[in-house]
Each structure stands twice: as C-alpha cells, then as structure tokens.
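Trainee: Given next are the chains, with one letter for each unit.
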Amino acid sequence: MTGAFSTATIIVGLAVAAWAAVYLIMGRSVGRYLQGAELLLAAMFVVLAIGGIAQMLGTDREFARAEFVGYLLLSPLIPVGAWWWSKNDETRAGSAVVLVVGLVMPVLVVRIQQVWAGV
Amino acid sequence: MSERAVRATNQGFGRVLVVIYAIFAIGATSRSVIQIAGRFDEAPIAYSLSALAAVVYIVATIALARGNRTSRKVAYVAVGIEMAGVLIIGAISVIFPEAFPRATVWSNFGSGYLFIPLVLPPVALWWLRRTE
Chain A
1 MTGAFSTATI
11 IVGLAVAAWA
21 AVYLIMGRSV
31 GRYLQGAELL
41 LAAMFVVLAI
51 GGIAQMLGTD
61 REFARAEFVG
71 YLLLSPLIPV
81 GAWWWSKNDE
91 TRAGSAVVLV
101 VGLVMPVLVV
111 RIQQVWAGV
Chain B
1 MSERAVRATN
11 QGFGRVLVVI
21 YAIFAIGATS
31 RSVIQIAGRF
41 DEAPIAYSLS
51 ALAAVVYIVA
61 TIALARGNRT
71 SRKVAYVAVG
81 IEMAGVLIIG
91 AISVIFPEAF
101 PRATVWSNFG
111 SGYLFIPLVL
121 PPVALWWLRR
131 TE
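Residue numbers (the numbering used here), protein chains in the order written: chain A, 1 to 119; chain B, 1 to 132.
Excised from the complex, chain B in its bound form:
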C-alpha cells in the first residue's frame, strides 16, 4: 500500500461518468449490431467504425467501473482511442462527407448525440488524472 491511497475511478463523479459510458456502450453496441446484421454492404467503413466505437465504449465503461490500478491503464488507452476516434473521424466526416454515407457515433464530432462523444473523452481523461 502506498502512503497516499490511489482513489478509485468509480466513486463520486466517477459513478456518473460510468453511467454515461454505459449508456453509450449499450447504444453504440445495439446500433452497430443492427447496422452490421442488416445492411453492412451500404457503408462497410462507417459500420465497422461504429463497431469499433462500441467496443471502445464497452472497454472504457468496464475499466472505469472497476477502478483499480490495471483498469486505470486500460481506461487511459480506451479513452485515448475514443478521443482520437472522435477527432479524426469527426474531421474526416466534415472534410470528406462522401466518405461516410451513413453516420457513426463519431461523425461530425458526435453532433447527432449533442456532442457528448466529443466532450466525454476529455472529461474522462481529466477524471483519470484527478483520481491518480
């Protein structure tokens, strides 16, 4: 045990963060299952990215909810991928709209979801730093 105990990521504000991540995980997963099962040929890249986003949200939710040392590292990686995803996919979808004929959760920086996908990763990174 270190002298200053590491604060868990799943307490206090972290509990709210976990719930928001969980809702996005459920939403992104179910959306991507329907997209891939029903109409994958329409937009394979967009739908593959939806699936990737879903996995990232699931991993981030579990990692933040577990709140131990290892899960903190996993959370950093997942949230980092999410941050990169929303910025890169967001930018590509604005500059080359034809690349994404169908929306993903990260298209247009998450504008279809009140920009929560854009706000969530910096907030999660701040929280991970703060609880360190």
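Pulled out of the complex, with its shape left as it was, chain A reads as follows:
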C-alpha cells in the first residue's frame, strides 16, 4: 500500500491536475487526451483497490478494515464520475472539474495509506 504503485498514482493524479490547470488557463475544454488520462487515473485506482484488498487479506494486523475497503472501492468512482461530468462540457469548466479531481485523488491515496498504517 505504500509501494511504488501508490506513489505513481499520486504522480499521475498531480500530472492530470497540472494538465487540466493549463487547459483551464488557456480556456480550453477537456480534449480526448485529457479524458484518456482521467480514465487511466481511474484504472490505476481500480488496480490500487485490488492490490490493497489482496494485501489486507494477507495480513492479520489490526487496522480500520471497513474504512480501508470503503476508501478503496469508492475512490475509482470519483475520476470516472469526473470523466462523465466533464466529457459533455464544451467550456473550460470541464477542465476545472478535472483539476479538482486531480488534486483530490492524491489526497485520497495519502488518506488510504494512513488508514493502512492505522492512523
């Protein structure tokens, strides 16, 4: 849960946010490439969820398991929702949506890591 893949998820989230910020400043709507990046981010959260639950089943350590699974299962819905919600928007508001989600996702990874560590 604290390995290279989680770090990669954080980096991709921040990269998507930075990309969306550039589009927002340029006044551009979400193009197909940024949409693809949103879906990549969602896919990474699905992998994180599968990996995290597998890791959880492999340990007897005490931590908030229900919370952990809740975070892992609901997190991928946010970038998917943002993809759907920004896709039909032809203004720069769509890019702003992706920016917000790109910033929220790394925070979620950190929160998931905290739950895993028992904080």
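Just so you know, the hints here were simulated from the structure itself, not pulled from any lab data. As the structure is a computational prediction, the values presented were derived from the model and not from experiment. Treat the hints with care, as some may be off.
Which chain B residues stay away from chain A? Per the calculated CB distances, all over 12 Å, these [said to hold, decoys possible]:
1) Q11
2) I34
3) L118
Quick list of in silico lysine to any residue cross-link-like pairs, SDA-like style, CA-CA up to 20 Å [stated by the list, open to error]:
4) B:K73 to B:V55
5) A:K87 to B:F13
6) A:K87 to B:G12
7) A:K87 to A:T2
8) A:K87 to B:Q11
9) A:K87 to A:A17
10) A:K87 to B:V123
11) A:K87 to B:A65
12) A:K87 to B:K73
13) B:K73 to B:N10
14) A:K87 to A:Y23
15) B:K73 to B:V123
Ideal placement from N, C-alpha and C gives every residue a C-beta, glycine not left out.
Assemble chain B onto chain A, guided by the hints.
Mentor: Same frame as chain A, now just chain B:
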C-alpha cells in the same frame, strides 16, 4: 418561457461546484455508514449529525446538478440547512467540546476538511443567486 431564460446551476462554475458537492456526498455518506454500522453507541448525536450532513450533501448535489426551477428551490433549502449546520454545530463543538466526543464533518467549522464545509454553502448560495 420568460424573456430572460433562467441560467442553469449546472453550467460553468456550477459544474465544479457539483463535483465538490458530489465528493463531499460520497465522503460523508461512506463515513456515516461506517460510523453508524460499527460504533453508533460511542457517539449517537455526532453520528446522527454525520448522517444528516450526508443526506444534505446528497440532496444539494442532485439539486445543483439538475439545474431546473424546482431543483433550485430544493438546492436553496439544502444549502441553507448546510450553512446553519456548519455554523451551529461548529459553534457548539468549539464551546462545548464534550458534546461531540467524535468528530462530524461540521465540527470545529469543518477544520478537518480544510474548512471547505464552511466555505461551500456561502459559495453555493452566491452561485444560486447569480444564476437566477
């Protein structure tokens, strides 16, 4: 149709607002489900308020996302309850900390969530007025 068409609450900045509300709705709902299912006896008042906050966020999200005349009224009510909630619960939790042994999303004016719960309702009210 009126001459000046009513602007939808789900366009432009409203799209961003809906996403922030949606994230809070998901967060508050899942948190409250875990609290109530797992340890309701520890802090029944705080956990009931968490559930109320979750419902308010869900209603506000849907109302703002729909963006028609009726949903605008619903949004005003939901955002109004949210505003009152964060101010009243925020104040009580600061003055009588023992009343809330466990945090809710509105405790300490939402300080656990970067004060977004405090900033969100006035912004949403401003947006509802602006799009009228």
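Trainee: Next, verify each hint and record whether it holds.
Mentor: Here's how the hints hold up against the structure:
1. Q11: 7 Å, violated
2. I34: 5 Å, violated
3. L118: Fine: 18 Å to the nearest Cβ keeps L118 of chain B off the interface.
4. B:K73 to B:V55: It holds: about 16 Å lies between the C-alpha atoms, which stays within 20 Å.
5. A:K87 to B:F13: The hint holds at about 15 Å.
6. A:K87 to B:G12: Holds - the C-alpha atoms of G12 of chain B and K87 of chain A are around 13 Å apart, at most 20 Å.
7. A:K87 to A:T2: 32 Å, violated
8. A:K87 to B:Q11: Holds - the C-alpha atoms of Q11 of chain B and K87 of chain A are around 13 Å apart, at most 20 Å.
9. A:K87 to A:A17: Since the Cα atoms of K87 of chain A and A17 of chain A sit roughly 16 Å apart, the hinted pair holds (cutoff 20 Å).
10. A:K87 to B:V123: 24 Å, violated
11. A:K87 to B:A65: 15 Å, holds
12. A:K87 to B:K73: Given pair K87 of chain A, K73 of chain B is violated - Cα atoms ~27 Å apart, limit 20 Å.
13. B:K73 to B:N10: Since the Cα atoms of K73 of chain B and N10 of chain B sit roughly 14 Å apart, the hinted pair holds (cutoff 20 Å).
14. A:K87 to A:Y23: 14 Å, holds
15. B:K73 to B:V123: 16 Å, holds
Violated hints, listed in ascending order, are 1, 2, 7, 10 and 12; each of the other numbered hints is respected by the structure.
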